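Chemist: Sequence:
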Amino acid sequence: MDCKEAADEVDKTVAVMEKRKPSQSQPGCRDDCTDVGAGCEDVVKKFQLSRVMLPDDANFMGNVHGGIILKMIEEAGSIIGTRHCNTQDGDRCLAALVRVEKTEFLSPVFIGEVVHVNAEITYTSKHSLEVQVKVIAENILTGAKKLANKAALWYVPCSLQNVDKIMEVPPIKYASAEKEEEGRKRYEAQKLGRMETKARVEEPMPLRPNLEDAPQERHTVGFSQSSLIHLVGPSDCTVVDFVYGGVAMKLMDEVAGIVAFRHCGTNIVTASVDAINFHRKIRKGCVVTVTGRLTFVSNRSMEIEVLVDADSLVETQTGKYRAVSAFFTFISLDKENKPLNVPPLKIEGDDEQKRFEEGKSRYLQNKARRLVEKERQQ
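Quick note on the working numbering: the sequence shown kicks off at 1 and runs consecutively.
Some hints here could point you the wrong way.
[Claimed, not checked] Distance condition first, Cα-Cα at most 25 Å in a straight line; then the derived SDA-like pairs of lysine to any residue:
id	residue 1	residue 2
1	102	188
2	281	235
3	145	370
4	281	82
5	284	98
[As the list claims (entries may be wrong)] DEER-style ranges, computed between Cβ atoms:
id	residue 1	residue 2	range
6	127	217	45 to 51 Å
7	229	376	41 to 47 Å
8	87	319	35 to 41 Å
FYI, nobody ran anything at the bench for these hints, they're computed from the structure. What you are looking at is a predicted structure, and each value in this text was computed from that prediction instead of being measured. Built from N, CA and C at the ideal position, the CB exists for glycine as well.
When you get a sec, could you build the whole thing from the sequences and use the hints?
Modeler: The structure is reproduced here in structure tokens:
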């Protein structure tokens, strides 16, 4: 997406935001509605989350971490999904994240900017719902706005009485039959993608070699592979003691960033994230191991596979299991935030070569898709 297209997206989103002026409450609206004027149905279908970016949110170059943006996206999606699913009678429920579709970071976000996360429910099946999100970054000194991110997330409602019970989702009204059909196709595609990914990622990630005992050559997979170990506490969890999806995504982005920095040694930022799949819930009291390794490197980008394994300290009989998986793409930047060339990846062994070829295929497919979208918008 070029600058003009991004500006057009911002103008459209801002125009919608500015139209939402307070007016008389619609019949049946909640007293605490802050988005009145479009009727209760739109209140439930749309939600906005805003926050100023602080130094703790950014790296040493002032670029806001992609994980912070992902966490805000998930928070907005969880709120709107939970609100919508609790408009019906029956058990109260909480919307649990199961998948994030490929999302691209279109513009960098900096300290001091205000991030507006606009979420809207765009499709519902019997037991799941799709939330599409646009992230607008605003410079409050100049008033300039830019489109920073677009994402699509899928949630399922879990009963608060029994978290293993999946509730039914109230249907939404569609603008047209075509919109509903488009949503159904996205639903089928994500369902197939989740099944394929789950079958592929069950194999364990090997530990990073001890570089002191067996020094690794720079720019190899083993040299940059990195892990974080995190004990899941109450602040990481929902009211039913499962980890927020945004917490897991933030940890994954941090690990991927370490891998990217170790490989190129420059300022790095998240460029995109392939589909993030949440295979199993992570409970409070689990120790999670988040591991990232390079799979593919082009002239200007690095693809990093990130896997999250969970091991309960309380329920020891369950053993370690794969909870989340994704591919992150990072780019290297100079001091003026302009792209730099990335050092080539040195491949060692058949397994690394296989992962490299698979990563190259994803890279070429994504490149072709972006070209098609660009031509369609021109």
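Chemist: Would you mind marking each hint as holding or not holding in the structure?
Modeler: Comparing the hints with the structure gives:
The straight-line distance between the Cα atoms of residue 102 and residue 188 is roughly 15 Å, inside the 25 Å bound, and the hint therefore holds. Simply put, residue 281 and residue 235 have alpha-carbon atoms about 16 Å apart, close enough for the 25 Å limit, and the pair holds. Proposed proximity of residue 145 and residue 370 is supported: the alpha carbons are some 23 Å apart, at most 25 Å. A C-alpha spacing of about 17 Å is found between residue 281 and residue 82, which places the hinted pair at or below 25 Å, so the restraint holds.
With a C-alpha separation of about 18 Å, the suggested pairing of residue 284 with residue 98 holds against the 25 Å cut-off. Separation of residue 127 from residue 217 is about 49 Å and conforms to the stated range, judged on CB atoms against 45 to 51 Å. Remark: the range hint 41 to 47 Å for residue 229 to residue 376 is upheld by a beta-carbon distance near 44 Å. Between residue 87 and residue 319, the C-beta spacing of about 39 Å keeps the proposed range 35 to 41 Å intact.
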